[in-house]
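So the sequences go chain by chain: L and H.
According to the numbering used here, the stretch in the first sequence is residues 1 to 143, in order.
According to the numbering used here, the stretch in the second sequence is residues 1 to 138, in order.
Derived from the structure by calculation, the hints contain no laboratory data.
Where is the CB? At the ideal position from N, CA and C, for every residue including glycine.
Keep in mind that the hints are not guaranteed to be accurate.
[What the hints assert, rightly or not] To give an idea of the interface, some chain H residues facing chain L are shown, with a C-beta separation under 10 Å as derived from the structure:
#, residue
1, 2
2, 31
3, 49
4, 76
5, 97
6, 110
7, 113
8, 130
Spelled out from the first residue to the last, the chains are:
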Amino acid sequence: MENFTPFSALAGGALIGISSAMLLFFNGRIAGISGIMNGVFYAPKNDKVWRLLFLAGLVIGGLFLGAFAPGFNTPRQGYPIVLLGIGGFLVGFGTRMANGCVSGHGVCGIARLSIRSIAATLTFIASGMLTVYVIRHLLELTA
Amino acid sequence: MKTHLIALLSGILFGAGLALAHMIDPNKVLNFLDVTGHWDPSLLFVMIGALSVAMIAFRFILKRPAPLLSTSFHLPQKTSIDPKLIAGAAIFGIGWGMSGYCPGPSVTGLSLFSSESVIMILTIYLGFFACHRLLDRP
């Protein structure tokens, strides 16, 4: 196993859970990032500002962590840009088509015991695993 | 106004959580998906951490008639599994496995001044636009 970090993973996950609970408890909203991002363009006009603030918060939260623990995360260098660009497009297309991503389906949906979200989460994890197998082990495009 | 503050604070907690869990390191995400190679189960532990809080909290929250600062809960209405859901999730998984990014870390990755984040955000939006164009009913 490679660099397994169970404690920071559990603690970080708990923060994500608290964040999702807070948004639902106060605002009645699901913390699904792809839906929040999409709404910046596609939601009604009076439904956009909170989305931009949440997305700004995502960056500020990362900056806070980085300020407390410099070098805790470092940007990846030299990854094939084609994989990134096509990958990003498919992430956008697929999350819109499925109405959710890891946060919306994988956390908020499963927490509500939604059958749709459980099915979606199992599907994207399986297809992600298959894709990494093809890229890393069949085609050997990346290490 | 208060709901805006909550949205900002909630985003900050979420972003700090992603960074603390190293989920803004795309190689760590790819290693989770790499079951036959350098498997790193950390992402599974992130979900366990998030779900153990959210499952308990949501149970209590959704018993209330309404959220504290708004008139109603905005919850997805669909309940059945349909081909669009499964096809979309499968396509998303391919993109996730190619890049190592899902939407949250793409945004929080900006805190590392990573050019990968910029590419991801732009192409994710291209994917949104393409999906609306192709699949939205006129």
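Here's how the hints hold up against the structure:
1. 2: Cβ of residue 2/H sits 8 Å from chain L, so the hint holds.
2. 31: Check passed: Cβ of residue 31/H comes within 5 Å of chain L, closer than 10 Å.
3. 49: holds (2 Å)
4. 76: Result: holds, 7 Å to nearest chain L Cβ.
5. 97: Constraint on residue 97/H satisfied, holds at 3 Å.
6. 110: Hint holds; residue 110/H Cβ to chain L Cβ min 5 Å, cut 10 Å.
7. 113: holds (7 Å)
8. 130: holds (6 Å)
The structure agrees with every numbered hint stated previously.
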